[in-house]
Structures are given as structure tokens and as C-alpha cells.
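*Asks:* Sequence:
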Amino acid sequence: MEDNTGYEYMNEESINERLKCSICTKPFIDPVSTKCNIRNHIFCHHCIEEWIKHHPSCPMCRQNLRIENLTPIADSVLIDMLDEILVKCLGCKQTGLVRGSFNDHKNKMCSKTNIKCLSSDIKCPWTGSRDELDKHLKTCIFNPLRPLITELINNNQQLKNQVNQQQTQIGGLINDNQQLKGQVNQQQTQIRQLQDENQQLKNQTGQLEKRLQFLEFTCPKPLSCFDHSY
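Numbering-wise (my numbering), the sequence shown opens with residue 143 and increments by one.
Calculated directly from the structure, the hints in this document are not laboratory data.
Check each hint, because a few of them may be wrong.
Said to hold, decoys possible - Cut-off 20 angstroms, straight-line C-alpha distance, at most; resulting in silico cross-link-like pairs (EDC-like, lysine to aspartate or glutamate):
{"hint": "1", "residue 1": "Lys168", "residue 2": "Glu191"}
{"hint": "2", "residue 1": "Lys168", "residue 2": "Glu155"}
{"hint": "3", "residue 1": "Lys230", "residue 2": "Glu155"}
{"hint": "4", "residue 1": "Lys277", "residue 2": "Asp263"}
{"hint": "5", "residue 1": "Lys235", "residue 2": "Glu274"}
{"hint": "6", "residue 1": "Lys248", "residue 2": "Asp276"}
{"hint": "7", "residue 1": "Lys177", "residue 2": "Glu191"}
{"hint": "8", "residue 1": "Lys235", "residue 2": "Asp172"}
{"hint": "9", "residue 1": "Lys177", "residue 2": "Glu210"}
{"hint": "10", "residue 1": "Lys258", "residue 2": "Asp246"}
{"hint": "11", "residue 1": "Lys254", "residue 2": "Glu226"}
{"hint": "12", "residue 1": "Lys162", "residue 2": "Glu226"}
{"hint": "13", "residue 1": "Lys248", "residue 2": "Asp225"}
{"hint": "14", "residue 1": "Lys250", "residue 2": "Asp263"}
{"hint": "15", "residue 1": "Lys258", "residue 2": "Asp276"}
{"hint": "16", "residue 1": "Lys258", "residue 2": "Asp273"}
{"hint": "17", "residue 1": "Lys230", "residue 2": "Glu150"}
When you get a sec, could you build the whole thing from the sequences and use the hints?
*Replies:* Right, here's the structure in full:
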């Protein structure tokens, strides 16, 4: 039976039943454990979540069960055993692959995996199987332009970086300017205070001068006001 993961198991009937999910009857994928009272049960993460949506109880013991009660399996022995199961790629038909490294095979090696053109980053729309890429590159109109476009992209990125740097500098200058404005305002306030104090001193000095003039007028001869005969 084919699996929607992109592979099928080899000699599936020989796989230990303890490595299989009782819901899908396939080897566990992303296994999780329940917290049932009698004993914990293990299922595929996806399988048990879908089960709980329709039947909020454990498929094995019927105890009430919620998604929050599920715990990912951390048993390295079980995970290693699952990763070592042999599979066959449904794309290129290669056999003898270990399940744990299948994604690497699919993403890097499988000749039938659909991939994008090497120039997809410069808008080439082509997609196709990996074994058709070389044929496509011979007629790809984007690939010959790649060095020039890459240079333009790099230059554009450098300009963007310079603009960002200048904007940062401008932001710093604006902050400095605001600080200077604050200092100027503070100094202007201090100057006004000093001017007010200076004006007060002038007023006091003027009053003292008037009093002195009055004293000089009323006492024309120095100390005569205070001269007494005995």
C-alpha cells in the first residue's frame, strides 16, 4: 500500500507490530503517547489528533482523552528503530533507503522530485523533475542573464544598505539636533532668568541712587546732621 509521504515500506509485513500505529496500521510517524490510567498508548501524532476530533477517547482503552494529554515520544531507541525501517521512493523507485534519511534523498537526490530552475530567484517560472533540469537549462532564457542580473541585484542591495545606513545616520543627526535644541532652549531660559535678575539689580541700584541723592540733598554738609555741641 502506498503512503502519502512519498515512499512505501519494503517488506511491510515483516515490520514489528509494536512499531505500528493501531489507527493507520503503519509504522509510527511523529509518535506521541497518551496518559491513560491503565497504561500509556502510542499513536502517530496526526492519527490520534484526527481521532480525538471525532472520538474524544483513547482508541485502545476508551479513557477520555484530549489533545493536551498527548506527549511526544522521546525514547531514542524507538525513534532509531523507526528511522532504520527500509523504504522505496515512489518517485525514482530507488529501494533500500532508510526512512530517517528519506527527506534528504527527496530534496537532494531523487531524480523525479519536482524542483525549480536555478534561476527561479530571477523570475524563471520553470518547474519540473530534477532529471529534466539540464535539458531546461540549455534553453532557459534567464540563465545566461544570471551573472548580469545577479550583479544588478547585488548593486541594488548595496545601494539599499547605503540608504539604510544614511537613514540611520540622519536619524542620529535628528536626535542630536533635538538634543541641541533642548540645550538651546534651556540656555535661553537661563538667559531670561539672568536678564530678570539683572533688571531687578538695576531697579534696586536705581532706588539706592535715589535715596543717596535724597540724603545728599537733605544733608548738604557731610556729617552736619550728626554734629552736636556740648
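*Asks:* For each hint given before, does the structure comply? Return the numbers of the non-compliant ones in rising order.
*Replies:* 8 and 11
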